[in-house]
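Student: What follows is each chain in one-letter form.
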Amino acid sequence: MRIVLPLAFAAALMAPALAAAQTDTSEPLPPRDANLSFQEPYFGLYDRAALQRGYQVYKEVCSACHSLNRVTFHSLGEDGGPGFSDAQVKALAAAAKIPAEPNDKGEEYNSSGERLTRPGIPADHMPAPFPNVQAARAANGGAAPPDLSVIEKAREGGADYVYSILTGFGQKPPPGFKVMDGKYYNPYFPGRNISMPPPLTDGAVTYSDGTKATIDQEAKDVATFLAWAGEPKMEERKREGFEVVIFLLVLSGLLYLSYRRVWRDKH
Amino acid sequence: MATTTTDEPTRRDFIYIASGSVAAIGAAFAAWPLIDQMNPSSSVLALSSVDVDISAIQEGQQAVFMWRSKPVFVRRRTKKEIAESVDTPLSDLPDKLARNLNLPEDAPATDKNRVEKPEWLVIIGICTHLGCIPLDKLGDWGGYLCPCHGSQYDTAGRIRRGPAPENMAVPPYAFTGPTKIKIG
Amino acid sequence: MSAANSTYKPGNGLTRWLDSRLPILRLAHDTMTSFPTPRNLNVWYTFGGILTFCLGVQIVTGIVLAMHYLPSAALTNGGTSSVAFDSVENIMRDVNYGWLLRYVHANGASMFFLAVYIHMFRGLYYGSSKAPREILWILGVIIYVVMVATAFLGYVLPWGQMSFWAATVITNLFTSLDQIIPHVGQGNAPGVGTVIAQWLWGDFAVGDATLNRFFSLHYLLPFVIAGLVGLHIWALHIPGNNNPLGIDVKGPQDTVPFHPYYTVKDAFYLCLFVILFSILVFFHPDFVGNPDNYTPANPLVTPAHIVPEWYLLPFYAMLRSIPQKLVGVLVLFGALLTLVFVPWLDTSRVRSMRFRPMMKQFFWLFVADCILLGYLGSKEPQAVWHLGGFDVPLLWPARIGTGYYFFFFWIVLPFLPLFETPLEQPKSIAEAVLGTAKPQAAE
Chain A
8 MRIVLPLAFA AALMAPALAA AQTDTSEPLP PRDANLSFQE PYFGLYDRAA LQRGYQVYKE
68 VCSACHSLNR VTFHSLGEDG GPGFSDAQVK ALAAAAKIPA EPNDKGEEYN SSGERLTRPG
128 IPADHMPAPF PNVQAARAAN GGAAPPDLSV IEKAREGGAD YVYSILTGFG QKPPPGFKVM
188 DGKYYNPYFP GRNISMPPPL TDGAVTYSDG TKATIDQEAK DVATFLAWAG EPKMEERKRE
248 GFEVVIFLLV LSGLLYLSYR RVWRDKH
Chain B
61 MATTTTDEPT RRDFIYIASG SVAAIGAAFA AWPLIDQMNP SSSVLALSSV DVDISAIQEG
121 QQAVFMWRSK PVFVRRRTKK EIAESVDTPL SDLPDKLARN LNLPEDAPAT DKNRVEKPEW
181 LVIIGICTHL GCIPLDKLGD WGGYLCPCHG SQYDTAGRIR RGPAPENMAV PPYAFTGPTK
241 IKIG
Chain C
13 MSAANSTYKP GNGLTRWLDS RLPILRLAHD TMTSFPTPRN LNVWYTFGGI LTFCLGVQIV
73 TGIVLAMHYL PSAALTNGGT SSVAFDSVEN IMRDVNYGWL LRYVHANGAS MFFLAVYIHM
133 FRGLYYGSSK APREILWILG VIIYVVMVAT AFLGYVLPWG QMSFWAATVI TNLFTSLDQI
193 IPHVGQGNAP GVGTVIAQWL WGDFAVGDAT LNRFFSLHYL LPFVIAGLVG LHIWALHIPG
253 NNNPLGIDVK GPQDTVPFHP YYTVKDAFYL CLFVILFSIL VFFHPDFVGN PDNYTPANPL
313 VTPAHIVPEW YLLPFYAMLR SIPQKLVGVL VLFGALLTLV FVPWLDTSRV RSMRFRPMMK
373 QFFWLFVADC ILLGYLGSKE PQAVWHLGGF DVPLLWPARI GTGYYFFFFW IVLPFLPLFE
433 TPLEQPKSIA EAVLGTAKPQ AAE
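Read top to bottom, the protein sequences are chains A, B and C. The opening position of the first sequence corresponds to residue 8 in my numbering, with each subsequent residue numbered one higher. The opening position of the second sequence corresponds to residue 61 in my numbering, with each subsequent residue numbered one higher. The opening position of the third sequence corresponds to residue 13 in my numbering, with each subsequent residue numbered one higher.
There could be a bad hint or two in this list.
Now the stretches of chain A that chain C is said to cover, found in silico as 3 or more residues with beta-carbon under 8 Å [unchecked claim]:
| no. | stretch |
| --- | --- |
| 1 | 68 to 77 |
| 2 | 131 to 141 |
| 3 | 149 to 162 |
| 4 | 250 to 256 |
| 5 | 259 to 267 |
Under the rule of at most 16 Å between Cα atoms (straight-line distance), these lysine to aspartate or glutamate pairs were calculated in the EDC-like manner [stated by the list, open to error]:
| no. | chain 1 | residue 1 | chain 2 | residue 2 |
| --- | --- | --- | --- | --- |
| 6 | A | K160 | C | D304 |
| 7 | B | K240 | B | E144 |
| 8 | A | K240 | C | D298 |
| 9 | A | K160 | C | E101 |
| 10 | A | K97 | B | D111 |
| 11 | A | K245 | C | D298 |
| 12 | A | K273 | C | E443 |
To give a feel for the contact side, a few chain C residues facing chain B, derived at Cβ under 8 Å [said to hold, decoys possible]:
| no. | residue |
| --- | --- |
| 13 | V76 |
| 14 | M79 |
| 15 | L82 |
| 16 | D106 |
| 17 | V107 |
| 18 | Y109 |
| 19 | G110 |
| 20 | L112 |
| 21 | L113 |
| 22 | H117 |
| 23 | Q373 |
Please keep in mind that the hints were generated in silico from the structure rather than gathered at the bench. Cβ atoms here follow ideal geometry from the backbone N, Cα and C, with glycine treated the same way.
Excised from the complex, chain A in its bound form (with noise of 0.2 Å):
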């Protein structure tokens, strides 16, 4: 009791701040459960085909603004990820324009202004749509697109955040908002002014695997693949955490017995 007391009396101090009410419409509203099989932290493992129709998601619609700088071809094809073929990988790098390293004259831009590029290959990290943050900023309004390798370890609520402001346009601003020039109205936005457009339409892609493209679909199927292009290495990391926790726990009850048998006539 005197234990409890104390600590009972901190925790009360506590509570009114949990009952801080959502009235502030400057304050994001809270993201949305996007319910994507690998958010459960113990069991849950990335949907493959999810990952393959996001990676279709990012190079058609989002990779006209972001990055995915820290994203390699060859990592498409590896375990506990999209799981795309070796000869889908190298198709995918190859198709792909990469700055090309200065010709034999020296040369990095063509006659026109243009940078020389060459194709991919596996090796080697997406590439992005502006050579610097300067051009990035200059093509769009001011708000460079920020890099999207980490972006739901980088924001509160991760995938649940990126789906609900994929999803979170259109809606219309309470009375009294006022929506600032050049930018759109996104209640899970923090200052709920967004400079993005609304990038998702119902369709903008079309899936192989035949697989419905709304926007909520595309929102979720985006959403899983940046889980994993920030965590490539989720499943693994599960999976082992499992084998260590059983091994500890059996290793824990064998010392148990030891310490009760070190430990049995001194009590």
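Chains B and C: place on chain A using the hints.
Tutor: Coordinates of chains B and C only, in the frame set by chain A:
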């Protein structure tokens, strides 16, 4: 040191041995990542083979490509260079083995065993003496000369004179098209 | 243990030969095998061993991570990232088991602090800082301060947003000294605080020079900690361990040899600790971290909410509760310095709070206070609680919490013994544990 005398030693020892062994196994599994992290990472392994385009190489010229941080010479041999190499008897060669990683170890160093297509010589451009990079179209055999200690190689990259003990190695490679090679 | 009391007997010719040249096996025997340890040590006494394990894990994982980490703030990816940030992502994605090593090292720091706080609270509760263990306690405080420095330096290394801005905020604390000497030299020369800050930065603000030297120091300090731990254990072995009853060891009936009694007990509790550690690493690896640190550092964009790691939050709350910058810094350092004086601040003749019913309550209130301060440190500085009709700025509970911290050490510890009637302590450990004071025959 206190001991318990009431139980048979075997029963008491078993639990300690079992705990100790399981703990030791755990330590070994825990040590493995610490050791494996020094092995080449997956970004290094992704470059363990390279595809090169040799269409720009003129006859009598060579290009150098990097493969696994080593220089690979791809030389487009003239008919004269090919003939000189083919006509060399094995007895003239200090190193009689082909040193071709695409062939068994004991293959002899005939010109045929040094190339896949006679026109194209593909060798790892590292002198087998102490690792310098030989210069091409030099030396008495029109092949390579190593500037460090004077080893001389012929037009099939085989050692002819000098301190180098072996022919320059032929890396694993294959033609994937008329002007494309996959090395590694 | 002095050499005269050593019971080590070399078993064969080789060990005799070694013993006469470098008695290292004798040292191991005396300190870790035969060492007489009170027979009543409970689970809270296993944290010393756990801490040694944590230090070993951090050093080993740190050394292998340093094989891949690059301490450079040079820009990459068109200016959106840095070499350092990229090297950490390389570790997470491409280095074999790199993700595991990184998560173990990052979460290991949290586990290290969890263990050290339990260890410190244990010391307070059972009076382990009192005579004759004052130096032991002070060494412990020094180890804690070096741990805080090491953790702060380490957190800067990934060069994320939080890395950069935490470095900026904390090193900027030194500029508060400008009040003492506003100009070092002629005219508009910077004050002494700014001079010191620029010396720390190697630049006019946190940057590449700072990152490089922080890496060097982060690599160095854990070995300083290891040396201090050696002194800490040496200082412990002179009087021997304290125990939950707080009463001195009277004879061999009160003790058991460290091996096998405490080696097995420490091993068991260490295993439980590692299970908790593993659950964190394998299933919730980013739980204690801050998402902002996955955004590369941007010197032109301050994050909405700068927060240190959880184990530094109580001090952060104390710092922010004082509006005047220099006084806030002095309060922060004062809180740490206070710990050094604990052996003399507590004037009770009774060591263990088991027998001090009034003190015990203040102690648990102090634990709650630390947790409260930690919680408050995680909130925005202008945050407000809405209690019924009242708006309470969190600044006020933070000030009360800070006040109670100093009140506990400087008022309660010295003066409570004047009013407190301690409970009767048992005559000896053996009596309390076995129900008899008679020396037991070794069994």
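Student: So, for every hint listed, does it hold in this structure?
Tutor: Hint check results:
no., hint, verdict
1, 68 to 77, "holds (count 3)"
2, 131 to 141, "holds (count 6)"
3, 149 to 162, "holds (count 8)"
4, 250 to 256, "holds (count 4)"
5, 259 to 267, "holds (count 5)"
6, A/K160 x C/D304, "8 Å, holds"
7, B/K240 x B/E144, "26 Å, violated"
8, A/K240 x C/D298, "14 Å, holds"
9, A/K160 x C/E101, "12 Å, holds"
10, A/K97 x B/D111, "11 Å, holds"
11, A/K245 x C/D298, "14 Å, holds"
12, A/K273 x C/E443, "13 Å, holds"
13, V76, "5 Å, holds"
14, M79, "7 Å, holds"
15, L82, "14 Å, violated"
16, D106, "4 Å, holds"
17, V107, "5 Å, holds"
18, Y109, "4 Å, holds"
19, G110, "6 Å, holds"
20, L112, "5 Å, holds"
21, L113, "6 Å, holds"
22, H117, "12 Å, violated"
23, Q373, "39 Å, violated"
Hint check: violations occur at hints 7, 15, 22 and 23; the rest are consistent with the structure.
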